[in-house]
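Student: Each chain is listed here by its residues.
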Amino acid sequence: MPVDDNGFMKVDTRQLDTRVRVVTPENIAFQYRIAGPFQRLPAYLIDLGIRVGVCLISSIGLTMIFGLAGLESVGQGLWLLLFFVLAWFYGCLFETFWNGQTPGKRLMRIRVLSIEGQAINASQATLRNILRVVDALPGFYLLGLISAAMNDRFQRLGDLACGTMVVSEEPHWLRDVAKVKEPDVLRLADRIPASFQPNRSLARALAAYVGRRAKFTPSRRIQIARYLGVPLREQLGLAQRTNLDYLLCALYNRAFVTDEAPESDEPETSATVTAQVMDGVNPFAPVVAREPAEVKLDEGI
Amino acid sequence: MKVSDLLEARRENWQALEQLCSRLENRGRRQLDAPMVSEFASLYRSACADLALADAYQLPQETVHYLHQLVGRAHNQLYRSRLFNMRTWARQLLVDVPRRLFRDKALRLAFFIFWGVFLLSGSLSYVRSDFAQRVVGNEMLTQIEGMYAQPAGRDNPAFCCDRMGFYIAHNAGIGLRCFAMGLLFGVGGLLATIQNAAILGGVFGHMATTTQSDNFFRFVTAHGPYELTAVVMAAGAGMRLGFSLLDTKGQTRIASLRRAGAEAMPTMGAFLVLFSLAAMIEAFISPSSLPYAVKAGVAVFSIATLVFYFVFLGYPRDAGTAGRTAPPDTVGHLPSSPADARPEREMSQESTMPEGRRAVG
Chain A
1 MPVDDNGFMK VDTRQLDTRV RVVTPENIAF QYRIAGPFQR LPAYLIDLGI
51 RVGVCLISSI GLTMIFGLAG LESVGQGLWL LLFFVLAWFY GCLFETFWNG
101 QTPGKRLMRI RVLSIEGQAI NASQATLRNI LRVVDALPGF YLLGLISAAM
151 NDRFQRLGDL ACGTMVVSEE PHWLRDVAKV KEPDVLRLAD RIPASFQPNR
201 SLARALAAYV GRRAKFTPSR RIQIARYLGV PLREQLGLAQ RTNLDYLLCA
251 LYNRAFVTDE APESDEPETS ATVTAQVMDG VNPFAPVVAR EPAEVKLDEG
301 I
Chain B
1 MKVSDLLEAR RENWQALEQL CSRLENRGRR QLDAPMVSEF ASLYRSACAD
51 LALADAYQLP QETVHYLHQL VGRAHNQLYR SRLFNMRTWA RQLLVDVPRR
101 LFRDKALRLA FFIFWGVFLL SGSLSYVRSD FAQRVVGNEM LTQIEGMYAQ
151 PAGRDNPAFC CDRMGFYIAH NAGIGLRCFA MGLLFGVGGL LATIQNAAIL
201 GGVFGHMATT TQSDNFFRFV TAHGPYELTA VVMAAGAGMR LGFSLLDTKG
251 QTRIASLRRA GAEAMPTMGA FLVLFSLAAM IEAFISPSSL PYAVKAGVAV
301 FSIATLVFYF VFLGYPRDAG TAGRTAPPDT VGHLPSSPAD ARPEREMSQE
351 STMPEGRRAV G
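Chains A and B, in that order, give the protein sequences. According to the working numbering, the first sequence is numbered sequentially starting from 1. According to the working numbering, the second sequence is numbered sequentially starting from 1.
The hints are simulated quantities; they were obtained by calculation from the structure and are not laboratory data. By construction, the Cβ of each residue, glycine as well, lies at the ideal position given by its N, Cα and C atoms. Each hint should be verified, as a subset may be incorrect.
[Claimed, not checked] Listed next, the in silico EDC-like pairs over lysine to aspartate or glutamate satisfying Cα-Cα at most 20 Å (straight line):
hint, chain 1, residue 1, chain 2, residue 2
1, A, Lys181, B, Asp247
2, A, Lys215, A, Asp176
3, A, Lys215, B, Asp162
4, B, Lys105, B, Glu263
5, A, Lys179, B, Asp247
6, A, Lys179, B, Asp5
7, A, Lys215, A, Glu182
8, B, Lys105, B, Glu8
9, B, Lys249, B, Glu263
10, A, Lys179, A, Asp190
11, A, Lys181, B, Glu8
12, A, Lys179, B, Glu62
[What the hints assert, rightly or not] Partial list, derived from the structure: chain B residues whose beta carbon lies under 7 Å from chain A:
hint, residue
13, Ser4
14, Leu257
15, Gly261
16, Ala304
17, Phe308
Using the sequences and the hints given, assemble the complete structure.
Tutor: As structure tokens, then:
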């Protein structure tokens, strides 16, 4: 077993899932999810359909227009040029001018980026699409699939040669902080000492629990809550029959949700107890931003 | 301040950024006026800071996912793909490519293999009539013989456009395929080159024995130089890709491939230009009834431009150009000691960063 300098077991921290980290020039790291073959295949098929469709329609259109003018040869020449451009440069042109997307990719919400997370440039877009020929060998993109299976970023050979990857831009919606408003929970919250404030790791565990608890049955909730709930019940000196699920929810409310109670004339000292999360002031907040809400007094105790 | 308050305070900013992103995605960056662009930048920085402090704020996992996606989306709008820059492309095509090709061993190899196989196949076909039939196929030979039964005489340019389209699509397609196949460790490119050369040589050798030989050779004179050079260049550029996987010059194979890929791109542009020129000549000059002297003159002129391009522009000049274009041999070498390595890597990161990027507006 490999051991580090301090005698701890070394943990392999390499990427296990399909997320990659990108560090921006602003020195912020954010994550992308890599698009797998089953997102890229439909995008490819959509693009193929568009190409075939445009070829057919333009063939009819050009033949008619130039045929009427008596210049069939010009029409045919233009069509062959169009065919050539569609066959070899469809992806290059779209990915260059549409910021790494083709119509198919846009519909499937995926985008080509360089592996540093920057937008791709024209020569990367061109090379990765020309080398598609090799990836398609010996049929059904077998070589490309093998290559994608052998690296962390699902890169086919064309991607490897120009340092690009395809990421998924799944939409996430901003939701409110989950609030537990069951009356039992609110009642239990009153019995928790106001001085108790969950620390950071406890708060994270509580958030993870509350985020998922809706999917479990009540007995299963208790079973899961037991591991954290029993020691907390002892620590807070609550009765044996306290519902552990409600206890965790009450603590979660304490950590994340502002009490919606009327302002009371308690001394300000209680505010400092609950305000220890962070004052939440963002040094980069733009001028248009609303002033951060004043720290509310907690009516507790 | 608790998380629910924080989210309430930030919601407006994030949603404003989201709206600006949608506008940029749907209508393009020219639709935003200056104050909106600066607001976008400021909102983006603010969202970045929120994401960086997500752990300190104890944001729920779902909100963190949302922020990752929001920052990624804004990042993609802020740093957009660079469009074709005519000046850099012109400099690449006229300065860098000829110099690189002048000393490119893969191109020399492609040149010798192509012409070796071409001459071999041509002379064998000339001597033994069944050789061309086996290499090229009877069907194609009779078709070609039929094509040159009549002396050239298509004069009206309006009736030649279909030919031009066909030649570009067909020949450049062959060239691009040959180039891409080179990626398979150069072997694919070698095989494709040998195949192209054998078929072409077979056709030339066979046609020399037939009664149409005069028509045939008069036809191919004008566009031959550009077209055959383009085929060799395509093969050479492909092999350069493939050989970079074998001789990595001390880099990892992937890094070596990426470097070769970046170098091969302008070469690809050059051979596409040659294919297009050849197709135009083949469509409009070769089949016309112009006197043979004119067609031969076109061929001489093409050869002269090729010599100018490869030898005059390509001849290595050390004085004054060392800073602008590093010779390819030194680009790949990694610094020998780690102490040397760090500053160089940092420097190269800094220097490449603004190049691939371009901010909105």
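Student: If a hint holds in the structure, say so; if it does not, say that too.
Tutor: Hints and how they fare:
1. Lys181(A) x Asp247(B): Roughly 67 Å between the alpha carbons, so the hint for Lys181(A) and Asp247(B) is violated.
2. Lys215(A) x Asp176(A): Since the Cα atoms of Lys215(A) and Asp176(A) sit roughly 18 Å apart, the hinted pair holds (cutoff 20 Å).
3. Lys215(A) x Asp162(B): 65 Å, violated
4. Lys105(B) x Glu263(B): Answer holds: Lys105(B) to Glu263(B) is near 14 Å, not above 20 Å.
5. Lys179(A) x Asp247(B): 61 Å, violated
6. Lys179(A) x Asp5(B): Roughly 13 Å between the alpha carbons, so the hint for Lys179(A) and Asp5(B) holds.
7. Lys215(A) x Glu182(A): Between Lys215(A) and Glu182(A) the Cα gap is close to 16 Å, so the pair holds against 20 Å.
8. Lys105(B) x Glu8(B): Distance ~64 Å between Lys105(B) and Glu8(B) Cα, so the pair is violated.
9. Lys249(B) x Glu263(B): 15 Å, holds
10. Lys179(A) x Asp190(A): 16 Å, holds
11. Lys181(A) x Glu8(B): Judged against 20 Å, a Cα distance of about 18 Å means the pair holds.
12. Lys179(A) x Glu62(B): 14 Å, holds
13. Ser4: 5 Å, holds
14. Leu257: Constraint on Leu257(B) satisfied, holds at 5 Å.
15. Gly261: 4 Å, holds
16. Ala304: Violated - the Cβ of Ala304(B) stays beyond 7 Å from chain A, reaching only about 28 Å at its closest.
17. Phe308: 25 Å, violated
Checked against the numbered hints given earlier, this structure breaks hints 1, 3, 5, 8, 16, 17; the rest are met.
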